[in-house]
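Guided by the hints, dock chains B, C, D and E onto chain A, whose structure is given.
So the protein sequences, as listed, match chains A, B, C, D and E.
Our numbering puts the first residue of the first sequence at 1, with every later residue one more than the last.
Our numbering puts the first residue of the second sequence at 1, with every later residue one more than the last.
Our numbering puts the first residue of the third sequence at 1, with every later residue one more than the last.
Our numbering puts the first residue of the fourth sequence at 1, with every later residue one more than the last.
Our numbering puts the first residue of the fifth sequence at 1, with every later residue one more than the last.
Treat each hint with caution, since some may be false.
[Said to hold, decoys possible] Straight-line distance between alpha carbons at most 16 angstroms, and here's what the computed EDC-like set of lysine to aspartate or glutamate pairs gives:
1. Lys427/B <-> Glu154/E
2. Lys22/C <-> Asp75/C
3. Lys176/C <-> Glu358/B
4. Lys48/A <-> Asp64/A
5. Lys160/B <-> Glu106/A
6. Lys102/E <-> Glu425/E
7. Lys98/A <-> Glu153/B
8. Lys427/B <-> Asp474/B
9. Lys160/B <-> Asp103/A
10. Lys24/B <-> Glu153/B
11. Lys22/C <-> Asp103/A
12. Lys358/E <-> Glu434/E
13. Lys358/E <-> Glu425/E
14. Lys482/B <-> Glu446/B
Read the hints as simulated data drawn from the structure, not as lab findings.
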Amino acid sequence: MVPFIACLLLFLLGLYAIVLKRNIIKIIIGFSLMEYAVNLLFAFIGFKQGAIAPIITRLGMTQDFVDPLPQALVLTSIVIGLATTALMLAFAMRIYEKYHTFDITEIRRLRG
Amino acid sequence: MLPLFIIVPLCGAFLIPLLSRLWKGLADVVGNLVGAVLVGFAVYGVAALAGGSLPAVYAMGGWMPPVGIVLVYDSLTALVVLITNLVGFPALLFSTRYLDQYTGRWKYYSLFMLLLAGLNGVALSGDMFNMFVFIEIAAIASYALVAFGTRAEELESGFKYMVMGEVGSLLILLSVAMLYAHTSTLNMADMARVLQAGGLTPLSWFVLATMLVGFSIKMAMMPFHSWLPDAHLSAPAPVSAMLSGVFIKVLGVYAMSRVVFNVFGLTRSVAPQFFNLLVGLGLLSIIAASLLAINQKDYKRLLAYSTVSQVGYIVLGLGIGNYWAIVGALFHVLSHAVTKGLLFLASRSIERQTGTREIGNLGGLERNMPVTSWSYVLGSLSMSGVPPFAGFFSKLFIIVGAVEARMYWPAIVAGLFSVLTLGYLLKVINNVLFVNRDRNSSLVREAPAPILVALVMLTALALAFGLGFRPVLDWIVNPAAKVLTIPLTYAQMVLGG
Amino acid sequence: MIELYVLLVAMLAAAVVAIEIKDLLAAAVSMGMVGFSVAILFILVQAPDLAIVQIVVEILAVVFFAAVILRTTHDDSTVQLRITSRMILPAVLYGIFVLMFVAVMTSVLRELPVFGSPLMRVAGNYLAVGLNQSGAANLVTAIVLDFRAYDTIGEAVVLFTAVVGVLTIVRQIGRKADAGEEHA
Amino acid sequence: MSRGMTVIVQSVTRLVAGMLFLFGCYIVLHGHLTPGGGFAGGVLIAAAFILVSLAFGSVENVEQHRYTFSSVFESLGGLGFLAIGLAGYLAGHQFLSNLWPKVGEPLTLFSAGTIPLANIAIAMKVGAGLFAIFLALGASRFVMKD
Amino acid sequence: MSAFLAAAILVPIVVGSLLVLFRRLPRAARNTIAVLASATTLVLVVMLWFRAGSGSHALWQMGILRVLPSPLMVVDGVGLLLASVFAFVWLLATLYSTSYLKDHEFQDDYFGFLLVMLGAIVGLCFARNLLAMYLFWELAGIATWRLVAFYRSEKEIAAAQKALLITFAGSVLMLIGFAFVFVQHQTFSPGQLTGPTISPWAMFLILLGILTKSASVPMHIWVPDAQSAAPLSVGALLSGVVEKAGLIVYVRLFILSPIVLPDWWPLLIGGVGVVSSLLAAGGALQARDYKRVLAYSTISQLGYIFIGFAFVSSFGLAAGLAYIVAHCLAKAGLFMAMGVVERSTGQHRLAELSGLAKSMPVTAAATAVLMLSVIGFPPFLGFWAKLYVILAAVRGNLVIAIGALIAAVMTALYMIRLYRIFLGEPRPGVVGRESGLMTAIVVLLAAATVALGVILPFLGRFLEATTGVAGV
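This is chain A alone, in the form it adopts within the complex:
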């Protein structure tokens, strides 16, 4: 229970950064934090008390493994997180070149 709550707290922290921070880099950091939170949640969901990592080292032995499926999912989702972070950073960099600021309140050339 407690690890799940910690993950959700991290999720909310990330959301806090996205909603309330005005600096673009901070917003991107918020996304990374949310991403970590969900990944960690997945990993926690698959954890089994007293089991070992799902890698077979010797044939013919029955061992108690943790759930490998969430790990596979997290692997994918980490990459997706990296990809979105990279794209956001590219946006941030280019926006800085155009506006010379990271403050989203000053980046308002568009109406609405």
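Here is chains B, C, D and E on its own, set in the frame of chain A:
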């Protein structure tokens, strides 16, 4: 057959960067070829479905569900894949000449291929996490495409769109995690069995709420619509057409209705609160966005708000939730995809030829741009629901559904706001196309041939879907509506038994 | 499992620092701290594959952040202790959201399986037939590249999309008409 | 950034980058046996390249070459993965079927059918892709042309 | 049979669309095509008479447009009568336009939409499925929109937009009413209702739509603007034909169908008719240009027709149909006569015109005949029609009958006011001139009015017969 919907555009996406090093024109060729092939596949798929040789469940890698990932091709998927590719191909055709003003041609085509692959992938996927992955592909491609011009405003709106879209994606991912923890499976059909056996618990409501928010952001429904007008203003025209016509429907409407109707198995009798919420949100979108649209001076922004309001119609139909209303909603998915694609392309054709987007600066274009103008007019008529165009039937079915459900006020709102739709579109038509002002409109030329072909193609589709609404209803929309109204069939079809 | 809780607390603390600190480079590094905590947590929950990937990705992410920050600015000029009027509405909305989230969560979390004992309905199949059917001893790899290889294609495509997207975004000249103006 | 860093950094980099590259290759190849795989290995390979270009700096010409090189490799990696998937399809199984999973002794390098090949393709793709992102974000000042 | 009907509807629509799309044709060729197409339609409709006879039903199903199996079209006496009169007037109007508009731009647009509208009207005359009615109804509305905006200056465009939006709103309400019918009876065909009742909501919504299209109070506000913006040839067709669309739907849905109307219904319709004809007659008395006089007059006359239809009996129906025919011929003729005036003098305002009878005596005489028909002077066609309506009203409700009489007197007053442009001394600088083709058409219409008035006893018997035949 089924994986080809994804493999073909992916091959295109990977080949275009390689081939365009040899000769730049190859990007155009490969892109349009892929688009044409996909249209062929989609049409063949619909025909095969009607002929009974599908629905198909394709187990990736030969691993049967729930162990492996399956592709599911049922009638709903067929509809969505059809609109994706039917709008995608004219948009690609439009791009060939439209891209002349931009640099980075191969990047555009590569991203467009990825967008198509992502949209097809979302529609075909029968696995919750896999759907998320393909949502991300389509979404990331669209973020980059929106900012394709890399001017300051374009970057700004692209970033805004990306922030909102990614919040939506992460909410969807969070709810996938919750669902996995609860059901310990990712296959949607398997999940449906577990969830429907367990009844609606607080966890289901939590997941439904997060998913609703996530998908509402993707489909630009009213409280979360603010990215859409900016994004449409910045995006190149074919991308606007894809975004309004297809993207928000596949990632928002389709994915949401798949989850709500097939995975959770909700019907109005089970969860009236949820459906009333959808009706409320739909009405909010229809009313507020129409009122915003009518005040716009920029015809692209006007169309963007109009998209928000039309999405409201679809959500209203889904929320009313009886058979006719869902038929209407799905018909509207189809007709709005074609007509809004058409309107965006036509308005960009106007912008390309005249260089302005202000309604007040234009006039009398009909004389010199007849094809563009008339396709715009016919598209507008279709959108506001004038027979015999496609839009009429979606409006009719939604109204019939609303009356049948004894929701008279939503019916009247839906009807009267279609008049407002015609009103704001007439504002463009009259001022831009018809009013004779002594401006320089006589110097304007008609757009080049590939653009016109794309426009004519979409106009013909809007007319064909309307005149041939009976076959469209029988072969495409009706079976798709059955998938949604009889929730358990989906799980049965995928898992057998 | 005391180390788990300690790490969780450290992770949250680093996250708060990453959000609130004024220097952006320091914020990126703090974010890296969060990432490394996550990596170690992965090890604790028996996910070495994830730990490896998380570590390398984290390094890379921090490098990307640093690359951008070094090209732009270190300073987060928006960090201020003063509460301005335009912060109120988002803050209130966010507060309402958190309250609702927490209120729902207490009942939702009760429905999740207890930490440390997953259901493993489907996952049992992988453990039973994984090595036999796919030949890979690392069952995570077996899932990633065989049972759910389609996801991995998706993942690779997401990365490809992001790469093309980044290359698109960083083009200095987006329109041919802008060429003169940009060089000037 | 075009001048590169100090001599000390450069000579350490010479050592470390090679090791990183080799270690990445090892992780890729043993992905089906030990923790790690195409993705982790690919990132390590990218890191090796990134290290080199950070330490030794670059001139525009070289950047352009590296960029071309990485984007070509990336496409090839993607196509390779698709080809592996299609191989299963063409061999009469489903798309993405694992061919010859039973060939080879389990728990040795040559086992697990096409999984190691897919790992290699992914590593190529990921390594090249991330390096390209790095070039775009950080190192290069050259004007991105078509 | 069905091939003739399909051809009568599709030939003008297809030819018209092609004219709009391919605008490179030489003027003479285009005019010839337009006239030929509308002549073809007239011939086809007349051939339908002989094919169908007055007694037989012929149902035509257009597979594509079917929601549930139901006959989509019906060829019966009412449809044949109206369609042939309308197609006849249309042919004359098309011929008239070739001369009347020959100096203007965008004629391809004009003739194209004229033909599209003809197809829509013919279709509407024979449509028996609610969706088919709606389709033709909207098609006519769209064509109206383009035709009213023919001159394309801001004023005309605004009037056309107003007309389109108001009629569209009305028709959307009507569509909601149709949805009620469908939900209640699972059919869009009035002939196949599962019971004699439909919900009063549905009746009310459909009635609103009909009133909008047929320009009755309180939904008439678009008409005066649209009529004064449109070319007079379009005005002739609008008031002669298109504004009858609502009446056609009314006849099909409320009279020639098994629907049982509630007791208060005749009073409602009759009341609307009387109020509409009185108010509009007042408007016509105050209007300052002849376009508006005629527009208000149209609204007033349409109110009259509603009075005829209000009291549902075969007599009332016959009265209404006779009035439709009479008004169609006379009002179209009047508009076209004013077109002759407009073309030679360029003036619209009544105050600027007088003494035109000297310079254009033929037109003046024809106008007099047409006006007398509208006023209801025996022995012209209008007299019989008006007589029928008032007799039907007397049988129904005396108050309404008295209102109808008052409106008739007011009609006479504003028509005389309008005719003053032909009387008195000619103004300097304002010289009328006959123009051959146009005057000839006006004379032809006046002659038709006279002729039909003379043979009305036969026509009257026929009208009564058709209602019996067509009673579903």
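Now for the hints, and whether the structure bears them out:
Note on Lys427/B and Glu154/E: the hinted pairing holds, with a Cα-Cα distance of about 12 angstroms set against a maximum of 16 angstroms. Between Lys22/C and Asp75/C, the direct Cα distance comes to roughly 6 angstroms. Compliance with the 16 angstroms bound is thereby established for this hinted pair. A C-alpha spacing of about 22 angstroms is found between Lys176/C and Glu358/B, which places the hinted pair above 16 angstroms, so the restraint is violated. As the CA atoms of Lys48/A and Asp64/A are separated by approximately 9 angstroms, the hinted pair is consistent with the 16 angstroms bound.
For the hint pairing Lys160/B with Glu106/A, the CA-to-CA distance comes to about 13 angstroms; that is within 16 angstroms, so the pair holds. For a cut-off of 16 angstroms, the pair hint linking Lys102/E to Glu425/E is broken: about 30 angstroms separates their Cα positions. Pair hint Lys98/A plus Glu153/B holds up; C-alpha atoms about 9 angstroms apart against a cutoff of 16 angstroms. Using a Cα cut-off of 16 angstroms, the hinted pair Lys427/B and Asp474/B is violated, with the two alpha carbons roughly 36 angstroms apart.
The hinted pair formed by Lys160/B and Asp103/A meets the criterion: a straight-line CA distance of about 13 angstroms does not exceed 16 angstroms. This hinted pair does not check out: Lys24/B and Glu153/B have alpha carbons roughly 28 angstroms apart, beyond 16 angstroms. Simply put, Lys22/C and Asp103/A have alpha-carbon atoms about 13 angstroms apart, close enough for the 16 angstroms limit, and the pair holds. Between the alpha carbons of Lys358/E and Glu434/E the distance comes to roughly 11 angstroms, so the proposed pair stays at or under 16 angstroms and holds.
This hinted pair checks out: Lys358/E and Glu425/E have alpha carbons roughly 9 angstroms apart, not beyond 16 angstroms. With a C-alpha separation of about 44 angstroms, the suggested pairing of Lys482/B with Glu446/B is violated against the 16 angstroms cut-off.
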